[in-house]
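Trainee: Next come the chains, spelled out residue by residue.
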Amino acid sequence: AQSVTQLGSHVSVSEGALVLLRCNYSSSVPPYLFWYVQYPNQGLQLLLKYTSAATLVKGINGFEAEFKKSETSFHLTKPSAHMSDAAEYFCAVSGNEKLTFGTGTRLTIIP
Amino acid sequence: DAMVIQNPRYQVTQFGKPVTLSCSQTLNHNVMYWYQQKSSQAPKLLFHYYDKDFNNEADTPDNFQSRRPNTSFCFLDIRSPGLGDAAMYLCATSTKGADQPQHFGDGTRLSIL
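Residue numbers (this note's numbering), protein chains in the order written: chain A, 632 to 742; chain U, 54 to 166.
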């Protein structure tokens with residue numbers, strides 16, 4: 632069965648600092664991986680997806696993620712945090728027409 | 054803009070009183086999903102449709118039912134809501150394929166009195 636693990640349920644960074652949200656996957660086949668963001672009282676919005684075309688994936692709002700097979704990781708990064716990045720972030724793996732989500736990471740931005 | 058629309062955004066019902074949540078889409082996607090999301094948790098899949106084929110998750114309570122009368126609309130019926138059913142309910146759509154992302158509505162927050 633496929634799964635993802637998000638390390639760190641809460642992450643705080645200062646405005647302008649690097650954002651790093653960690654996600655490790657478990658899959659017996661090449662995975663399709665996604666990062667979603669959820670703002671309060673809203674649905675999930677797709678940030679980016681990995682579908683084997685390129686290991687470095689660029690997404691919306693300045694986020695990017697790098698697929699590392701040797702580390703079974705798909706960490707999300709942004710060079711410079713903005714106050715508007717404060718939200719819940721979910722990593723997910725796709726299989727059998729379903730998404731399996733990680734437990735989420737709440738990102739707080741310190742002014 | 055093509056989108057997934059959920060109505061209402063906020064729904065209050067009484068304990069045991071049936072309630073229906075609705076979802077519509079203009080994306081013409083053939084797969085539609087219903088999720089339950091409780092506070093500070095990941096969304097939990099309840100069921101999904103591939104066209105008219107209904108797929109129920111094994112641990113979805115019988116209290117939850119769904120209807121999809123056409124491609125654009127999907128409904129979630131909760132026959133006898135209990136206090137534990139208070140949550141955000143999210144609808145999502147996608148085209149077929151594991152590499153296809155799901156597109157989410159803004160959800161309906163259900164409160165039980």
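No lab work stands behind these hints, which were simulated from the structure alone.
Because the structure is a prediction, the values reported are computed rather than measured.
Some hints here could point you the wrong way.
Said to hold, decoys possible - Derived contacts from chain A toward chain U, CB cut-off under 8 Å, selection only:
(1) E646
(2) A648
(3) L649
(4) L651
(5) S659
(6) P661
(7) Y663
(8) Q673
(9) F698
(10) F721
(11) K729
(12) L730
(13) T739
(14) P742
Stated by the list, open to error - Residues of chain U clear of chain A, computed beta-carbon distances all greater than 12 Å:
(15) V57
(16) V65
(17) T66
(18) T73
(19) H101
(20) N116
(21) F117
(22) F126
(23) K149
(24) P154
(25) Q155
What the hints assert, rightly or not - Quick list of in silico lysine-lysine cross-link-like pairs, DSS-like style, CA-CA up to 25 Å:
(26) K70/U with K680/A
(27) K700/A with K91/U
(28) K70/U with K97/U
(29) K91/U with K699/A
(30) K689/A with K70/U
(31) K70/U with K729/A
(32) K149/U with K689/A
(33) K680/A with K97/U
Glycine included, every Cβ here is placed at the ideal spot set by N, Cα and C.
Trainee: With chain U as the partner, please determine if P742/A meets the hint condition of a C-beta pair closer than 8 Å.
Mentor: Nearest chain U Cβ about 23 Å off; hint violated.
Trainee: Please verify that hint: L730/A, Cβ, nearest Cβ of chain U, below 8 Å or not.
Mentor: holds (6 Å)
Trainee: Since N116/U was said not to touch the interface, does its Cβ keep a gap of more than 12 Å from each Cβ of chain A?
Mentor: For N116/U, whose nearest Cβ neighbour in chain A is about 21 Å away, the distance exceeds 12 Å, so it holds.
Trainee: T739/A was flagged as interface toward chain U. Is the shortest Cβ-Cβ separation under 8 Å?
Mentor: Interface hint status for T739/A: violated (14 Å vs cutoff 8 Å).
Trainee: Classify the hint on Y663/A as holds or violated, based on whether any CB of chain U lies nearer than 8 Å to its CB.
Mentor: Nearest chain U Cβ about 5 Å off; hint holds.
Trainee: Close enough to count: is the Cβ of L651/A nearer than 8 Å to one in chain U?
Mentor: Violated, about 20 Å.
Trainee: Should the hint that L649/A touches chain U count as held when the rule is a Cβ pair under 8 Å?
Mentor: violated (25 Å)
Trainee: Hold the hint about F698/A up to the distance rule: shortest CB distance to chain U must be less than 8 Å.
Mentor: For F698/A, the interface hint is violated, since the closest Cβ of chain U sits about 13 Å away, which is over 8 Å.
Trainee: Given the hinted pair K70/U and K680/A, is their Cα-Cα distance within 25 Å?
Mentor: violated (40 Å)
Trainee: Would you check the hint for K689/A and K70/U, treating anything up to 25 Å between C-alpha atoms as holding?
Mentor: Violated, at about 46 Å.
Trainee: Quickly compare the C-alpha distance for K70/U and K97/U to 25 Å and report which way the hint goes.
Mentor: With a Cα-Cα distance of about 23 Å, the restraint between K70/U and K97/U holds, given a limit of 25 Å.
Trainee: Would the least Cβ to Cβ distance between P154/U and chain A come out above 12 Å?
Mentor: For P154/U, whose nearest Cβ neighbour in chain A is about 5 Å away, the distance does not exceed 12 Å, so it is violated.
Against the hints set out earlier in the document, violations occur for numbers 1, 2, 3, 4, 5, 6, 9, 13, 14, 15, 19, 23, 24, 25, 26, 27, 29, 30, 31.
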